[in-house]
Amino acid sequence: APLGDAPLVKNEVIYIIPHGPERLGRPREYLKAEVLRVRGTSAEAQVFESTQGVRIGDKVIQSGEMLSAMLGPGLLSGVFDGMQTPLADVAASHGFFLPRGVLVPALDTRRKWAFTPTVASGDVVRAGDTLGTVPEGRFAHRIMVPFGFRGSFTVERVREGAFTIEEVVATLRDARGERHDLTLMQRWPVRRSIPEALTRAGQSERLYPSEPLITTIRLIDTFFPIARGGTGCIPGPFGAGKTVLQSLISRFSAVDIVIVVACGERAGEVVETITEFPSQPDPSGDGTLMDRTVLVCNTSSMPVAAREASIYTGITLGEYYRQMGFDVLLIADSTSRWAQAMRETSGRLEEIPGEEAFPAYLDSAIKGIYERAGVFRTAHGDTGSLTVMGTVSPAGGNFEEPVTQSTLGTVKTFLGLSYDRAYKRFYPAVDPLLSWSRYRPQLADWYTREAGADWGERVDEMVELLRRGDEIARMMQVTGEDGVTTEDFVTQQKALFLDMVYLQQDAFDDVDASAPLPRQKETFDLVYQVAAQEFEFADKAAVRAFFTRLTGQF
Amino acid sequence: DGEMVSLQVNSGTKGLPNNAEVRFLGEAMQVTFSGSILGRVFDGAGVPIDRGPDLSHDPAIPIGGPSANPMKRVLASRMIRTDVPMIDVFNCLVESQKIPIFSVSGEPYNPFLARIGIQADADVVVFGGLGLIFDDYAFFRKQFEDAGVFPRTVMFVNQASDPVVERLLVPDMALAVAEKFAVEEGKRVLVLLTDMTAFADALKEVSIAMERVPANRGYPGDLYSQLARRYEKACDFRGSGSVTILSVTTMPGNDVTHPVPDNTGYITEGQFYLHSGVLDPFGSLSRLKQHVIGKVTREDHGQIMNTMIRFYSGAREAEQKQSMAFELSDYDLQLLRFGTLFRERFMNIEVSMPLETALDLCWQTLAECFQPEQLLMKQ
Ligand SMILES: Nc1ncnc2c1ncn2[C@@H]1O[C@H](COP(=O)(O)OP(=O)(O)O)[C@@H](O)[C@H]1O
Ligand SMILES: [Mg+2]
Ligand SMILES: [Mg+2]
Ligand SMILES: [Mg+2]
Ligand SMILES: [Mg+2]
Ligand SMILES: [Mg+2]
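Each protein sequence line maps, in turn, to chains R and B.
Positions 1 to 554 (my numbering) are the ones given, in order, by the first sequence.
Positions 1 to 379 (my numbering) are the ones given, in order, by the second sequence.
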């Protein structure tokens with residue numbers, strides 16, 4: 001029950017202060033928690049850290065704020081946990097392990113940023129309007145009027161120069177004459193979408209995605225494209241290549257900014273990213289991959305409730321940069337772990353369980369995540385996009401389970417990894433007969449313009465060839481090679497050729513790992529020619545020898 | 001829950017009266033950690049069971065501590081040689097890796113685990129036995145003693161007849177001790193855990209007793225997180241030692257989609273698949289092998305590994321053709337011969353040889369079966 005007069009607010013952040021540490025001369029711990037349910041004068045809260053040693057009578061502080069992210073310059077190349085705690089700072093002060101209950105601001109409060117205003121006193125501004133910019137690496141980071149502000153404001157004062165994120169850079173006056181001091185930083189509740197309020201106020205507008213996000217992965221860009229500002233998922237059993245595929249996408253995609261949410265999976269994979277990104281060039285040719293990346297990492301052994309929040313934290317950061325007009329890509333590995341975190345919380349609240357003990361609101365929660373992707377016109381007339389791709393780790397590798405099913409009902413690109421292809425080391429192990437992209441019609445104009453009028457048609461033909469090849473291969477498994485005609489055998493070999501030289505792409509090959517669109521078009525033309533050509537062969541051995549040699553040439 | 005607390009009685013509640021006295025110690029579970037725990041055996045409550053000197057006055061450390069900060073970890077990059085060619089050549093064990101042996105009851109996974117414990121180049125071996133029958137416990141102990149590794153080994157053993165709740169503590173104690181050796185003494189520690197399926201079953205039992213809603217075949221919804229909290233203790237600490245975990249996961253009904261192997265596979269960095277007495281190159285995967293192959297091992301390692309696997313996969317197809325009585329080509333016959341040699345020389349888990357010898361034997365085997373132009377290897 002609250003001691004003061006502050007009401008109990010649902011989703012408010014509170015801090016529990018266990019009274020153990022001071023007795024032992026250790027610093028106080030502030031255990032961050034979120035109120036999930038209020039009943040009269042008592043509340044149930046989900047604690048984002050270990051609750052060991054918490055007892056009745058421990059002090060609780062109410063923050064008066066929903067779970068929020070700190071938005072401002074300095075996010076890029078940061079590594080944060082699901083609560084946006086900067087892990088490098090924690091390591092500097094606490095060593096090898098992650099202590100609980102330490103309060104460290106997400107952004108450096110001492111660093112100075114060069115602020116150049118784009119408004120002058122007397123100007124009238126609204127939420128989302130740009131006040132000025134600071135250079136953050138190679139990006140012009142826009143400082144915007146806080147997204148939660150309602151109505152019009154007059155700029156009373158604005159300063160130019162070097163400031164920390166806590167120093168006042170502008171003062172606005174609202175219609176009632178009240179003053180508002182603004183810094184380079186604002187806070188936003190992570191479970192709310194940023195553009196929602198802005199759109200209602202006419203400061204932003206959602207647009208229909210019409211361009212692909214070029215990933216330089218042939219199988220995606222050619223066969224199963226994802227739109228810039230669209231959604232996609234990568235389900236697959238363990239070891240099928242979800243993480244490697246997502247990592248390729250995060251390295252080579254043509255976007256400005258990448259948010260990597262490492263959600264409930266291995267810490268070692270985060271270490272790989274942290275180690276490799278700073279020395280790999282950004283595809284734009286400017287700076288390193290790390291310069292454009294934000295890592296939100298709440299790996300499997302970190303607190304589960306913070307894992308649930310980590311995706312929302314990541315999406316909020318993505319929306320923030322999108323509102324500046326950037327193209328942002330968010331990848332989450334794995335959304336199943338996020339859903340499981342939700343299941344654990346729901347179990348503790350003793351909610352009535354749905355299928356496989358997931359909460360009944362699983363489906364709407366998944367839709368809620370992916371719907372935050374999109375293309376938006378910003379307040380300054382630019383457009384920005386947020387593309388969201390999540391991996392799914394279905395229990396037993398079975399796509400019938402609730403998380404995969406809800407995800408498939410939401411996203412528009414489905415890259416289904418198959419155990420059989422991974423077993424054969426056909427990487428990326430995306431099953432081309434299972435996967436789909438509902439963006440293909442939507443992006444048809446773009447592909448017609450960029451790749452030629454018959455592109456879509458030829459891609460369809462190749463999909464049909466794969467289907468036919470698969471049928472024949474199945475038949476041969478029953479009857480042996482002798483059971484099919486030479487003509488069918490040629491078709492099967494053509495399909496295999498397409499698979500080997502076009503669909504497959506070795507993530508660990510320096511050249512093949514990334515295939516820019518022009519090179520994809522060239523290769524596709526060659527492969528298509530072979531597939532469309534009529535051949536005359538003496539026997540099946542000759543067919544095999546020919547295609548083996550041809551495959552060897554690529 | 002307000003004025004009430006739920007208690008978990010380690011030794012079970014049989015014969016417990018409702019007026020039993022309860023004393024709160026005000027501290028969480030701890031385990032002894034000092035120089036004198038090497039060469040000792042403890043039970044799941046952390047009490048020595050080897051009739052050695054009393055250690056109750058030695059320092060103790062908490063178990064189940066917080067996870068390592070990813071910023072303080074370094075990328076896995078050092079190979080742990082085991083002299084088992086199916087591991088060293090095809091799926092290297094790498095320092096800081098966590099990797100289970102997927103197997104089924106009746107297979108020789110325990111002798112195999114013991115052999116790796118003995119042959120692996122680690123500073124300290126921490127053994128955790130979960131629900132071990134007495135004979136298996138005695139076997140491990142004898143093996144370690146005979147091989148002379150016992151003085152650098154600590155054993156935590158929960159026997160089949162011991163309380164189930166203590167089974168849950170064994171990994172935490174083993175890992176707390178391992179972590180301490182790694183962080184404070186810079187040791188390269190290898191943790192062996194057998195059988196983690198018994199750990200998951202103990203979790204299931206306790207969680208059902210606590211009336212929690214089960215998620216999948218009776219296992220609690222947090223099975224993944226519970227397993228991950230243990231396995232993620234595998235870590236290479238920046239500027240200090242490392243913890244590597246090799247475990248056994250038996251697959252009920254030989255079903256890899258059963259919740260225990262399934263959740264394990266999602267957590268660990270690959271798996272060694274042991275069945276019919278051999279390590280199968282196909283079900284097996286070391287996700288960290290690319291960090292060491294050709295980098296700390298011989299230059300030809302990567303190529304030879306891929307070529308061998310490609311031909312063995314061909315051999316299996318040829319065997320299938322043979323079993324379906326389809327016509328066999330000369331090439332098929334070459335493959336069949338290769339398959340036989342491959343199984344004999346490499347897959348047998350009794351085989352033991354250094355990596356370099358194994359690589360040479362790969363070349364020799366290829367030479368015995370194929371013409372150079374058939375190898376399709378880049379020069
Ligand atoms: N595109 C790829 N190219 C080459 N190897 C791959 C590729 N994808 C996966 N692999 C191999 O498969 C292993 C498992 O991949 P990973 O992405 O970690 O699986 P998942 O995340 O689905 O469990 C990798 O360690 C790598 O050896
Ligand atoms: Mg993965
Ligand atoms: Mg733009
Ligand atoms: Mg599950
Ligand atoms: Mg180290
Ligand atoms: Mg990996």
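Among the clues, some could well be false.
Pairs of lysine-lysine residues, derived as DSSO-like cross-links and limited to a Cα-Cα distance of at most 30 Å, are as follows [as the list claims (entries may be wrong)]:
1. 14(B) / 540(R)
2. 540(R) / 424(R)
3. 142(B) / 424(R)
4. 59(R) / 10(R)
5. 142(B) / 180(B)
6. 321(B) / 424(R)
7. 367(R) / 424(R)
8. 367(R) / 10(R)
Note that these hints are calculated values from the structure, not bench results.
None of these values were measured; they are calculated from a predicted model.
Against the structure, the hints come out as follows:
no., hint, result
1, 14(B) / 540(R), "violated, 73 Å"
2, 540(R) / 424(R), "holds, 23 Å"
3, 142(B) / 424(R), "violated, 41 Å"
4, 59(R) / 10(R), "holds, 19 Å"
5, 142(B) / 180(B), "holds, 26 Å"
6, 321(B) / 424(R), "holds, 18 Å"
7, 367(R) / 424(R), "violated, 34 Å"
8, 367(R) / 10(R), "holds, 22 Å"
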